[in-house]
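Spelled out from the first residue to the last, the chains are:
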Amino acid sequence: EVQLVESGGGLVLPGGSLRLSCAASGFNFGDSWMNWVRQVPGKGLEWLAIINQDGTGKHYADSVEGRIAISRDNAKNSLSLQMDSLRAEDSAVYYCVTDRGYKQFDHWGQGALVTVSS
Amino acid sequence: QSALTQPASVSGSPGQSITISCTGTRSDIGAYNYVSWYQQHPGKAPKHLIYDVSKRPSGVSNRFSGSKSGDTASLTISGLQAEDEADYHCSSFTTSGTLVFGGGTKLTVL
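Note that the protein sequences, when read in sequence, are chains A and B. Counting in our numbering, the first sequence runs from 1 upward without gaps. Counting in our numbering, the second sequence runs from 1001 upward without gaps.
Bear in mind the hints are in silico, worked out from the structure with no lab data behind them. Remember, predicted model here, so these are calculated numbers, not experimental data. Where is the CB? At the ideal position from N, CA and C, for every residue including glycine. Watch out, some of these pointers could steer you wrong.
Claimed, not checked - List time: in silico DSSO-like cross-link candidates among lysine-lysine, alpha-carbon distance up to 30 Å:
(1) 1055/B - 43/A
(2) 1106/B - 76/A
(3) 76/A - 1047/B
Unchecked claim - Ranges of calculated distance between the beta carbons of each label pair, as one might list FRET restraints:
(4) 41/A - 1059/B: 36 to 44 Å
(5) 113/A - 1110/B: 42 to 50 Å
(6) 1013/B - 88/A: 23 to 31 Å
(7) 67/A - 1011/B: 34 to 42 Å
(8) 1095/B - 16/A: 17 to 25 Å
(9) 1058/B - 23/A: 20 to 28 Å
(10) 82/A - 1011/B: 39 to 47 Å
(11) 82/A - 1082/B: 25 to 33 Å
(12) 1110/B - 55/A: 25 to 33 Å
(13) 1082/B - 85/A: 40 to 48 Å
(14) 1011/B - 62/A: 34 to 42 Å
Unchecked claim - Counterexamples of contact, computed for chain B against chain A with all Cβ distances above 12 Å:
(15) 1026
(16) 1027
(17) 1045
(18) 1048
(19) 1064
(20) 1096
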C-alpha cells in the first residue's frame, strides 16, 4: 500500500522559513517523479513543484519560484520542501503527491498544515 | 496561467446522473489529453478519479467517466449515491509545462 506521510507543518512568523518532509513507502520511490501541491482550506488546489527520479530535474510554479526548494533523498525514501520568506497567503495544507505522468497525481499524503501569522 | 473554470456547485438526486464541466484554453485542456479529476471529501486529501481525460485508476467505480471536447473537459457521475457528495477538482497539463487546477465544484446529493 502506498503511504505518504507529511511532517513539519506548524505556525511560522511572516518572513520566516519552514521545511516540510514527506516519508514515502509502499512503492519504488526512487523510480517516481514527486510533487508538492497546496490548498488553502476551503479553496482550490495549487501545484507548487516537481522533482524527477534522481533529483537533478526540478520545476516550480511561477507563484513560488525563488522562495521554495524541492529536494529528495532516495536512500531514505524522503521528499522535502524548503519554504523561505513566508507570507500570510502561503498558509495552506501542503500535500506530497506521486505523479503518474504529466502532473497527474495518483497518491496523496494526508497533508501538513502551515499557518503563517504573527 | 489562469485557473480552469468549474461551476461552484451542482446537485442531483440519488440514482441520477450529473456532469461537471471544466473549461480551459487551447494552452491547457485544448492542447493535451492530460486532464485529471479528483474527488475530495471534507477534511480529507483528494482522491484521483480520472486521468488522461477518460481513464480510471484501478479501484475507481465505473460510475465515474470523463470526456473532453475542445477546451472543455467533463466529469459525469452516473447512478448518484450519497457518498458521492464531495468537492471535485479538475486539472490540466499546460503548454508551459506547468499544471493548472479548476476552482473546484461542490456536489450536493439531494
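Does the Cβ distance between residue 1058/B and residue 23/A fall inside 20 to 28 Å?
holds (24 Å)
Kindly confirm whether 23 to 31 Å is satisfied by the beta carbon distance between residue 1013/B and residue 88/A.
Check failed, 41 Å falls outside 23 to 31 Å.
State, for the Cβ atoms of residue 41/A and residue 1059/B, whether the hinted interval 36 to 44 Å holds or is violated.
violated (27 Å)
Proposed proximity, residue 1047/B with residue 76/A (alpha carbon, max 30 Å):
At roughly 26 Å apart (the allowed maximum being 30 Å), residue 1047/B and residue 76/A satisfy the hint.
Find the nearest Cβ of chain A to the Cβ of residue 1048/B and say whether that gap is larger than 12 Å.
Answer for residue 1048/B: violated, closest chain A Cβ roughly 5 Å.
Hinted pair residue 1106/B and residue 76/A, Cα distance within 30 Å:
violated (38 Å)
Is the gap between the beta carbons of residue 1110/B and residue 55/A within 25 to 33 Å?
violated (49 Å)
Range hint 34 to 42 Å: satisfied by the CB atoms of residue 67/A and residue 1011/B?
Since the Cβ atoms of residue 67/A and residue 1011/B sit about 40 Å apart, the hinted range of 34 to 42 Å holds.
Over 12 Å to the closest beta carbon of chain A is the bar; see if residue 1064/B clears it.
About 15 Å separates residue 1064/B from the closest Cβ of chain A, which puts it past 12 Å; holds.
Taking 42 to 50 Å as the stated bounds, is the beta-carbon spacing between residue 113/A and residue 1110/B within them?
At roughly 32 Å between Cβ atoms, residue 1110/B and residue 113/A fall outside 42 to 50 Å, so the hint is violated.
Classify the label on residue 1045/B as holds or violated, using whether its beta-carbon is more than 12 Å from each beta-carbon of chain A.
About 4 Å separates residue 1045/B from the closest Cβ of chain A, which leaves it inside 12 Å; violated.
Just double-check residue 1096/B for me: nearest Cβ-Cβ distance to chain A has to come out over 12 Å.
Label violated. Min Cβ-Cβ 9 Å, cutoff 12 Å.
Figure legend: structure checked against the earlier numbered hints; hints not met, in rising order: 2, 4, 5, 6, 8, 11, 12, 17, 18, 20.
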